[in-house]
Amino acid sequence: MLKVDRIALIPHAPGLNVADVYRVAAAIQQQVLAHFARDWHLSAGVAVQSEPSDGVVPVFIVSDDLGGLAGFHMLKNGWPYAVVRYGPTWSVAASHEVLELIADPTGDRTALGNWSGGPCSYVVEVCDPCQLVNYPCNGVLVSDFCLPAYYEQNPPPGSQLSWCNAIKGPKQVLPGGTLAWITQTSQLMQATVDAAGVGRVATLGSYTPGVLGARAQLGALDQTYTRLSHLKLSSAERKALNEAKREATSRRRTVVKLFKDEMQRRLQVSNFQPIQGGGNAKPSDGPDVRPRARRMRSAQGPV
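Using the numbering used here, you'd call the opening residue of the sequence shown number 1 and step up by one each time.
Check each hint, because a few of them may be wrong.
[Claimed, not checked] The calculated label-pair distances, taken between Cβ atoms and stated as ranges, are:
(1) Thr208 / Asn114: 16 to 26 angstroms
(2) Ser50 / Thr89: 20 to 30 angstroms
(3) Ser53 / Leu16: 16 to 26 angstroms
(4) Thr203 / Ser53: 18 to 28 angstroms
(5) Tyr22 / Thr185: 21 to 31 angstroms
The hints are simulated quantities; they were obtained by calculation from the structure and are not laboratory data. This one's a predicted model, so the numbers in the text were calculated from it and none came from an experiment. Glycine included, every Cβ here is placed at the ideal spot set by N, Cα and C.
Start from the sequences and build out the full structure, keeping to the hints where you can.
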(Lines of atoms letter the chains of each structure in order from A; the text may use other names.)
(Lines give C-alpha, C1' and ligand atoms only; values in the text may rest on other atoms or scores of the structure.)
Protein backbone atom coordinates (compact mmCIF):
# COMPACT_ATOMS: atom_id res chain seq x y z
CA MET A 1 0.00 0.00 0.00
CA LEU A 2 1.29 3.46 -0.93
CA LYS A 3 2.33 5.45 2.13
CA VAL A 4 2.16 9.23 2.13
CA ASP A 5 4.88 10.94 4.18
CA ARG A 6 4.68 14.55 3.00
CA ILE A 7 1.70 16.69 1.99
CA ALA A 8 1.74 20.33 0.88
CA LEU A 9 -1.07 22.88 0.69
CA ILE A 10 -0.54 24.85 -2.52
CA PRO A 11 -2.51 28.14 -2.75
CA HIS A 12 -3.80 28.82 -6.26
CA ALA A 13 -6.79 31.00 -5.34
CA PRO A 14 -6.67 34.76 -5.98
CA GLY A 15 -7.11 36.73 -2.77
CA LEU A 16 -6.10 33.83 -0.53
CA ASN A 17 -3.91 35.11 2.30
CA VAL A 18 -0.79 32.96 2.41
CA ALA A 19 -0.54 33.54 6.16
CA ASP A 20 -3.94 31.86 6.51
CA VAL A 21 -2.68 28.89 4.51
CA TYR A 22 0.24 28.49 6.91
CA ARG A 23 -2.15 28.74 9.87
CA VAL A 24 -4.43 26.06 8.42
CA ALA A 25 -1.45 23.81 7.56
CA ALA A 26 -0.19 24.09 11.14
CA ALA A 27 -3.62 23.19 12.54
CA ILE A 28 -3.97 20.18 10.23
CA GLN A 29 -0.45 19.08 11.18
CA GLN A 30 -1.46 19.22 14.84
CA GLN A 31 -4.62 17.24 14.06
CA VAL A 32 -2.64 14.58 12.21
CA LEU A 33 -0.02 14.14 14.91
CA ALA A 34 -2.13 14.53 18.06
CA HIS A 35 -5.49 13.10 16.95
CA PHE A 36 -5.40 11.04 13.75
CA ALA A 37 -2.16 9.15 14.41
CA ARG A 38 -3.33 8.01 17.86
CA ASP A 39 -5.66 5.36 16.46
CA TRP A 40 -4.75 5.00 12.80
CA HIS A 41 -0.98 4.84 13.46
CA LEU A 42 -0.40 6.83 10.29
CA SER A 43 0.93 10.35 9.93
CA ALA A 44 2.53 12.74 7.47
CA GLY A 45 4.18 16.12 7.44
CA VAL A 46 1.90 18.97 6.33
CA ALA A 47 3.57 22.05 4.84
CA VAL A 48 2.90 24.93 2.42
CA GLN A 49 4.48 25.19 -1.03
CA SER A 50 4.02 27.46 -4.01
CA GLU A 51 4.28 24.59 -6.52
CA PRO A 52 4.39 20.75 -6.46
CA SER A 53 7.67 18.98 -5.82
CA ASP A 54 8.94 15.41 -6.02
CA GLY A 55 7.75 13.06 -3.29
CA VAL A 56 5.20 15.51 -1.90
CA VAL A 57 1.45 15.02 -2.28
CA PRO A 58 -0.07 18.35 -3.38
CA VAL A 59 -3.37 19.76 -2.14
CA PHE A 60 -4.30 22.64 -4.45
CA ILE A 61 -6.45 25.42 -2.97
CA VAL A 62 -8.39 26.93 -5.88
CA SER A 63 -11.20 29.41 -6.41
CA ASP A 64 -12.76 27.40 -9.25
CA ASP A 65 -16.15 25.75 -9.03
CA LEU A 66 -15.55 22.03 -8.47
CA GLY A 67 -18.92 20.86 -9.73
CA GLY A 68 -20.59 21.57 -6.39
CA LEU A 69 -17.91 19.81 -4.33
CA ALA A 70 -15.83 21.35 -1.56
CA GLY A 71 -12.91 19.12 -2.56
CA PHE A 72 -11.81 15.83 -4.08
CA HIS A 73 -8.72 13.66 -4.45
CA MET A 74 -7.51 11.73 -7.48
CA LEU A 75 -4.45 9.99 -8.92
CA LYS A 76 -2.04 11.02 -11.65
CA ASN A 77 0.19 8.18 -12.87
CA GLY A 78 -0.38 6.39 -9.59
CA TRP A 79 0.47 9.41 -7.43
CA PRO A 80 -2.27 11.15 -5.40
CA TYR A 81 -3.26 14.78 -5.30
CA ALA A 82 -6.24 16.74 -3.99
CA VAL A 83 -8.10 19.91 -4.90
CA VAL A 84 -10.00 22.06 -2.40
CA ARG A 85 -12.24 25.00 -3.22
CA TYR A 86 -11.42 28.20 -1.35
CA GLY A 87 -14.32 29.48 0.75
CA PRO A 88 -15.34 30.41 4.30
CA THR A 89 -14.73 26.89 5.66
CA TRP A 90 -12.08 25.65 3.24
CA SER A 91 -9.98 24.49 6.18
CA VAL A 92 -12.55 21.75 6.90
CA ALA A 93 -12.34 20.47 3.31
CA ALA A 94 -8.53 20.65 3.39
CA SER A 95 -8.46 18.64 6.62
CA HIS A 96 -10.88 16.11 5.09
CA GLU A 97 -8.70 15.60 2.03
CA VAL A 98 -5.42 15.45 3.96
CA LEU A 99 -6.71 12.79 6.37
CA GLU A 100 -8.13 10.67 3.55
CA LEU A 101 -4.90 10.99 1.57
CA ILE A 102 -3.01 9.65 4.57
CA ALA A 103 -5.46 6.82 5.29
CA ASP A 104 -5.99 5.75 1.67
CA PRO A 105 -3.85 7.68 -0.83
CA THR A 106 -4.69 5.51 -3.85
CA GLY A 107 -8.44 5.32 -3.17
CA ASP A 108 -8.61 1.52 -3.14
CA ARG A 109 -8.37 0.64 0.54
CA THR A 110 -11.33 -1.45 1.65
CA ALA A 111 -12.50 -3.26 4.77
CA LEU A 112 -14.20 -6.64 4.55
CA GLY A 113 -17.78 -6.76 5.78
CA ASN A 114 -21.28 -7.95 4.96
CA TRP A 115 -24.18 -6.51 3.05
CA SER A 116 -27.61 -8.07 2.46
CA GLY A 117 -26.47 -11.51 3.60
CA GLY A 118 -23.29 -11.60 1.53
CA PRO A 119 -19.70 -10.42 1.78
CA CYS A 120 -18.72 -6.95 0.63
CA SER A 121 -15.80 -4.55 0.78
CA TYR A 122 -16.35 -1.16 2.40
CA VAL A 123 -14.46 1.76 0.89
CA VAL A 124 -12.31 3.30 3.63
CA GLU A 125 -12.97 7.04 3.34
CA VAL A 126 -12.43 8.13 6.91
CA CYS A 127 -14.20 11.50 6.74
CA ASP A 128 -17.16 10.76 4.46
CA PRO A 129 -19.60 9.24 7.03
CA CYS A 130 -19.29 12.32 9.28
CA GLN A 131 -18.21 14.98 6.81
CA LEU A 132 -20.53 17.72 8.08
CA VAL A 133 -19.10 17.47 11.59
CA ASN A 134 -16.12 19.64 12.43
CA TYR A 135 -14.22 20.86 15.47
CA PRO A 136 -11.60 23.51 16.29
CA CYS A 137 -7.92 22.60 16.38
CA ASN A 138 -5.50 25.41 17.25
CA GLY A 139 -8.30 27.86 16.48
CA VAL A 140 -8.95 26.42 13.00
CA LEU A 141 -11.97 24.32 12.00
CA VAL A 142 -10.98 20.81 10.90
CA SER A 143 -12.97 17.76 9.83
CA ASP A 144 -14.17 15.01 12.12
CA PHE A 145 -13.06 11.52 11.07
CA CYS A 146 -13.91 7.88 11.72
CA LEU A 147 -11.67 5.72 13.87
CA PRO A 148 -10.64 2.13 12.98
CA ALA A 149 -13.34 0.65 15.23
CA TYR A 150 -15.96 2.15 12.88
CA TYR A 151 -15.03 -0.48 10.30
CA GLU A 152 -14.93 -3.42 12.71
CA GLN A 153 -17.74 -5.95 12.62
CA ASN A 154 -18.11 -6.18 16.39
CA PRO A 155 -16.20 -3.38 18.09
CA PRO A 156 -15.84 -3.73 21.87
CA PRO A 157 -18.64 -2.04 23.84
CA GLY A 158 -17.90 1.62 24.40
CA SER A 159 -15.46 1.88 21.50
CA GLN A 160 -14.91 5.37 20.17
CA LEU A 161 -15.98 5.38 16.51
CA SER A 162 -15.23 8.97 15.50
CA TRP A 163 -12.98 11.61 16.97
CA CYS A 164 -15.87 13.87 18.03
CA ASN A 165 -17.92 10.90 19.28
CA ALA A 166 -20.71 11.96 16.92
CA ILE A 167 -20.99 8.46 15.43
CA LYS A 168 -22.59 6.02 17.85
CA GLY A 169 -22.58 2.74 15.92
CA PRO A 170 -20.52 0.88 13.29
CA LYS A 171 -21.42 1.98 9.75
CA GLN A 172 -23.67 4.78 10.99
CA VAL A 173 -23.83 7.61 8.45
CA LEU A 174 -24.52 11.07 9.85
CA PRO A 175 -26.60 13.77 8.09
CA GLY A 176 -24.72 14.91 4.98
CA GLY A 177 -22.48 11.83 5.07
CA THR A 178 -21.89 8.86 2.79
CA LEU A 179 -20.58 5.30 2.97
CA ALA A 180 -19.73 3.18 -0.07
CA TRP A 181 -19.07 -0.51 -0.56
CA ILE A 182 -18.49 -3.07 -3.32
CA THR A 183 -20.71 -6.16 -3.37
CA GLN A 184 -19.63 -9.69 -4.22
CA THR A 185 -21.20 -9.14 -7.66
CA SER A 186 -18.96 -6.07 -8.23
CA GLN A 187 -21.72 -3.51 -7.77
CA LEU A 188 -20.74 -0.17 -6.23
CA MET A 189 -23.28 0.77 -3.55
CA GLN A 190 -23.63 3.92 -1.50
CA ALA A 191 -25.55 4.84 1.65
CA THR A 192 -26.29 8.53 2.14
CA VAL A 193 -28.13 10.58 4.73
CA ASP A 194 -29.40 13.96 3.60
CA ALA A 195 -29.37 17.14 5.67
CA ALA A 196 -32.87 16.36 6.93
CA GLY A 197 -31.69 13.01 8.29
CA VAL A 198 -33.35 10.81 5.64
CA GLY A 199 -31.24 7.77 4.74
CA ARG A 200 -31.02 6.10 1.32
CA VAL A 201 -29.12 3.19 -0.20
CA ALA A 202 -28.52 3.10 -3.95
CA THR A 203 -26.66 1.06 -6.56
CA LEU A 204 -24.35 3.46 -8.39
CA GLY A 205 -23.01 1.12 -11.04
CA SER A 206 -20.48 -1.60 -11.73
CA TYR A 207 -17.04 -1.64 -10.12
CA THR A 208 -14.14 -2.66 -12.36
CA PRO A 209 -11.27 -4.14 -10.30
CA GLY A 210 -7.80 -3.02 -11.30
CA VAL A 211 -8.95 -0.14 -13.51
CA LEU A 212 -9.42 2.70 -11.06
CA GLY A 213 -9.36 2.99 -7.30
CA ALA A 214 -12.70 2.34 -5.63
CA ARG A 215 -12.98 5.98 -4.56
CA ALA A 216 -12.14 7.29 -8.03
CA GLN A 217 -14.87 5.12 -9.55
CA LEU A 218 -17.31 6.27 -6.91
CA GLY A 219 -16.51 9.90 -7.66
CA ALA A 220 -17.11 9.34 -11.38
CA LEU A 221 -20.67 8.09 -10.86
CA ASP A 222 -23.60 10.49 -10.82
CA GLN A 223 -24.96 11.12 -7.32
CA THR A 224 -28.36 11.94 -8.81
CA TYR A 225 -29.22 8.23 -8.62
CA THR A 226 -28.95 8.36 -4.84
CA ARG A 227 -31.00 11.53 -4.51
CA LEU A 228 -33.87 10.37 -6.71
CA SER A 229 -34.02 6.61 -6.10
CA HIS A 230 -36.82 6.95 -3.51
CA LEU A 231 -39.35 8.68 -5.80
CA LYS A 232 -42.47 6.88 -7.04
CA LEU A 233 -42.95 7.94 -10.64
CA SER A 234 -45.06 6.98 -13.63
CA SER A 235 -43.33 5.46 -16.64
CA ALA A 236 -43.41 8.79 -18.48
CA GLU A 237 -42.03 10.63 -15.45
CA ARG A 238 -39.37 7.98 -15.00
CA LYS A 239 -38.32 8.31 -18.64
CA ALA A 240 -38.05 12.11 -18.33
CA LEU A 241 -36.13 11.73 -15.09
CA ASN A 242 -33.70 9.25 -16.64
CA GLU A 243 -33.02 11.71 -19.46
CA ALA A 244 -32.38 14.46 -16.90
CA LYS A 245 -30.06 12.17 -14.96
CA ARG A 246 -28.07 11.33 -18.08
CA GLU A 247 -27.71 15.03 -18.85
CA ALA A 248 -26.66 15.78 -15.25
CA THR A 249 -24.16 12.92 -15.34
CA SER A 250 -22.66 14.24 -18.56
CA ARG A 251 -22.34 17.77 -17.14
CA ARG A 252 -20.77 16.54 -13.91
CA ARG A 253 -18.27 14.30 -15.69
CA THR A 254 -17.36 17.13 -18.05
CA VAL A 255 -16.66 19.45 -15.12
CA VAL A 256 -14.64 16.82 -13.27
CA LYS A 257 -12.65 16.01 -16.42
CA LEU A 258 -11.87 19.67 -17.01
CA PHE A 259 -10.53 20.08 -13.50
CA LYS A 260 -8.64 16.79 -13.62
CA ASP A 261 -7.01 17.93 -16.86
CA GLU A 262 -6.16 21.31 -15.36
CA MET A 263 -4.72 19.81 -12.18
CA GLN A 264 -2.70 17.31 -14.19
CA ARG A 265 -1.37 20.17 -16.32
CA ARG A 266 -0.22 21.90 -13.14
CA LEU A 267 1.34 18.65 -11.98
CA GLN A 268 3.45 18.25 -15.11
CA VAL A 269 6.31 20.09 -13.41
CA SER A 270 7.01 17.03 -11.26
CA ASN A 271 7.58 13.33 -11.71
CA PHE A 272 6.30 11.95 -8.44
CA GLN A 273 7.98 8.91 -6.95
CA PRO A 274 5.69 6.77 -4.78
CA ILE A 275 6.95 5.56 -1.40
CA GLN A 276 5.79 2.04 -0.71
CA GLY A 277 4.49 1.00 2.70
CA GLY A 278 2.15 -1.52 4.30
CA GLY A 279 -1.29 -1.60 5.88
CA ASN A 280 -4.26 -3.84 6.60
CA ALA A 281 -7.96 -3.08 6.54
CA LYS A 282 -10.22 -4.39 9.29
CA PRO A 283 -13.49 -6.36 8.91
CA SER A 284 -16.81 -4.53 9.09
CA ASP A 285 -20.57 -4.97 9.05
CA GLY A 286 -23.62 -3.44 7.32
CA PRO A 287 -24.25 0.32 7.07
CA ASP A 288 -26.47 2.18 9.52
CA VAL A 289 -28.09 5.23 7.95
CA ARG A 290 -30.08 6.23 11.04
CA PRO A 291 -29.17 9.76 12.15
CA ARG A 292 -28.37 9.93 15.86
CA ALA A 293 -25.89 12.76 16.23
CA ARG A 294 -26.09 16.53 16.15
CA ARG A 295 -24.92 17.91 12.82
CA MET A 296 -22.39 20.71 12.89
CA ARG A 297 -21.98 23.39 10.25
CA SER A 298 -19.39 22.86 7.56
CA ALA A 299 -18.75 23.27 3.85
CA GLN A 300 -20.51 21.12 1.30
CA GLY A 301 -18.94 17.72 1.61
CA PRO A 302 -15.72 16.80 -0.10
CA VAL A 303 -15.17 13.39 -1.63
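Ascending list of hint numbers which this structure does not respect: 4, 5
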